[in-house]
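**Student:** Sequence:
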Amino acid sequence: MNIRNIVLCLCSLLLSLSVSAKTFTVGVALANFDLNFVSILRTQMQVELKANQLDGQFVDAKGDVALQVQQVDDFINQGVDAIILNPVDTQGVLPMINAAKNANIPLIFVNRKPEVKLPGDMAYVGSDSALGGEMQMEALAKKMNYKGNVAILMGALSNEEARERTRAVEAVIAKYKDMKVIEKQTAKWQRNEAVDVVSSWLLNQRPIDAIAANNDEMAIGAIMALSQAKNEKILVAGIDGTPDGQQFVKNGKMTLTIFQDAKGQATGAVQVTKALLDKQKVKEYNWIPYQTITPENYAQFAAK
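Numbered per mature numbering (1 follows the signal peptide of the UniProt record, and there is no 0), the sequence shown spans residues -21 to -1, 1 to 283.
Hints may contain errors.
In silico PhoX-like pairs for lysine-lysine, Cα to Cα no more than 25 Å straight-line [as the list claims (entries may be wrong)]:
1. Lys126 to Lys159
2. Lys122 to Lys209
3. Lys232 to Lys212
4. Lys163 to Lys209
5. Lys260 to Lys29
6. Lys156 to Lys121
7. Lys232 to Lys122
8. Lys156 to Lys122
9. Lys163 to Lys121
10. Lys242 to Lys212
11. Lys126 to Lys156
12. Lys260 to Lys1
13. Lys96 to Lys126
14. Lys121 to Lys159
15. Lys96 to Lys260
16. Lys1 to Lys121
17. Lys80 to Lys121
18. Lys232 to Lys126
Listed next, with one range per pair, are the computed distances between beta-carbon atoms [unchecked claim]:
19. Lys29 to Lys126: 18 to 26 Å
20. Phe12 to Lys229: 25 to 33 Å
21. Trp266 to Leu46: 23 to 31 Å
22. Asp34 to Pro74: 35 to 43 Å
23. Pro98 to Gly231: 44 to 52 Å
24. Ala45 to Lys229: 25 to 33 Å
25. Leu182 to Asp13: 24 to 32 Å
26. Gln226 to Pro74: 33 to 41 Å
27. Asn210 to Thr273: 16 to 24 Å
28. Ala82 to Gly231: 50 to 58 Å
29. Ala281 to Lys154: 31 to 39 Å
30. Lys163 to Asn56: 17 to 25 Å
Note that these hints are calculated values from the structure, not bench results.
Every residue gets a Cβ at the ideal spot worked out from N, C-alpha and C, and that includes glycine.
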């Protein structure tokens, strides 16, 4: 009888241990693995998921909204415990929000803020897009002595980041009577697209004094086009503070960039996800601050 009781106790203990040791699975749906910033997000999330003993499944939407909606549906059908979403289109997130809500699965947005009200068990981790654009243009305007013509390289117009950063840049320029926007075109966040756009501006002999790019990749593309044209007079500013962007600031090719903390956003997204899985209360919006990188202070950002 004693042996039977011991066996039953051991079985009960093993069962309770297996239940308490359940490993949560998090589906991570990213907009485009090819984007430099998204690549940093992905790498850091992998580290943070492992540190929090969470299993992660990563999928690449390749910039395709319909594919991303399908990927989120697939995660739900597979029974993941939570989903982290870096949306392709910040205006096209309702189908994914509704699907996650109906399945009672926590949904955490990272980096790109959805342009809809978030229901319970959902949160955003990222930076204030408008503030990034404002900081960029104020710093660039100062370098220009508050006069001159500015061209704007915009990201994909389906993204809240691109629209808000651009609006903020235009608002800063409008404050200064001797400054104006003379060109504005999307290069879809891509370096090679920016080379083509800026080459066209130069070919048409547009009187540009500075270029404000919505991200570092487009800023680098602008610098490449300027280098090909042997034009060293036009100032170029980016946003994100990626390793490549920092290198261009270091070598003096990029006037400045605004550091958007990809690692901080990735870490924050996983921490918010873990809190929701543990049934804890979280803030609806979790802001990661920006900082300005210039040739004078770039060294302190290298480790980040």
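**Student:** All the hints need checking, so say for each whether the structure fits it.
**Tutor:** Here is how each hint holds up against the structure:
Straight-line distance between C-alpha atoms of Lys126 and Lys159 comes to about 8 Å, which keeps the hinted pair within the 25 Å bound. Using a Cα cut-off of 25 Å, the hinted pair Lys122 and Lys209 holds, with the two alpha carbons roughly 21 Å apart. At most 25 Å may separate the alpha-carbon atoms for a hinted pair to count; Lys232 and Lys212 meet this at roughly 10 Å. Distance check on the hinted pair: Lys163 and Lys209 sit about 22 Å apart at the alpha-carbon level, within 25 Å; holds.
Proximity of Lys260 to Lys29 is assessed by CA-CA distance (about 22 Å); at most 25 Å being required, the pair is judged to hold. Proposed proximity of Lys156 and Lys121 is supported: the alpha carbons are some 14 Å apart, at most 25 Å. For the proposed pair Lys232 and Lys122, the alpha carbon gap of about 14 Å is at most 25 Å, so the pair holds. Using a Cα cut-off of 25 Å, the hinted pair Lys156 and Lys122 holds, with the two alpha carbons roughly 16 Å apart.
Of the pairs offered as hints, the one joining Lys163 and Lys121 holds, with about 20 Å between alpha carbons and a cut-off of 25 Å not exceeded. With a C-alpha separation of about 34 Å, the suggested pairing of Lys242 with Lys212 is violated against the 25 Å cut-off. As the CA atoms of Lys126 and Lys156 are separated by approximately 8 Å, the hinted pair is consistent with the 25 Å bound. Simply put, Lys260 and Lys1 have alpha-carbon atoms about 21 Å apart, close enough for the 25 Å limit, and the pair holds.
A hinted pair counts as satisfied when its Cα atoms are at most 25 Å apart, and Lys96 with Lys126 does not qualify at roughly 39 Å. For the hint linking Lys121 to Lys159, the alpha-carbon distance of about 14 Å falls within 25 Å, and the restraint holds. Proposed proximity of Lys96 and Lys260 is supported: the alpha carbons are some 17 Å apart, at most 25 Å. Distance restraint check for Lys1 and Lys121: the Cα-Cα separation of roughly 55 Å exceeds the 25 Å cut-off, and the hinted pair is therefore not satisfied.
Using a Cα cut-off of 25 Å, the hinted pair Lys80 and Lys121 is violated, with the two alpha carbons roughly 47 Å apart. Of the supplied pair hints, the one linking Lys232 and Lys126 holds, its CA atoms being roughly 21 Å apart against a limit of 25 Å. A beta carbon spacing of about 51 Å between Lys29 and Lys126 contradicts the range 18 to 26 Å that was offered as a hint. The hinted range of 25 to 33 Å is satisfied by Phe12 and Lys229, whose Cβ atoms lie roughly 26 Å apart.
The given range of 23 to 31 Å is respected by Trp266 and Leu46, whose C-beta atoms sit roughly 29 Å from each other. A hinted range of 35 to 43 Å for the beta carbons of Asp34 and Pro74 is inconsistent with their spacing of about 25 Å. Separation of Pro98 from Gly231 is about 48 Å and conforms to the stated range, judged on CB atoms against 44 to 52 Å. Look at Ala45 against Lys229: about 40 Å separates their beta carbons, and that is not inside 25 to 33 Å.
Remark: the range hint 24 to 32 Å for Leu182 to Asp13 is upheld by a beta-carbon distance near 27 Å. For the hinted restraint 33 to 41 Å between Gln226 and Pro74, the CB-CB distance of approximately 39 Å keeps it satisfied. Between Asn210 and Thr273 the beta carbon distance is about 21 Å. The supplied range of 16 to 24 Å therefore holds. Taking the beta carbon of each, Ala82 and Gly231 are about 51 Å apart, inside 50 to 58 Å as hinted.
Separation of Ala281 from Lys154 is about 33 Å and conforms to the stated range, judged on CB atoms against 31 to 39 Å. The supplied range of 17 to 25 Å is broken by Lys163 and Asn56, whose beta-carbon atoms lie about 42 Å from each other.
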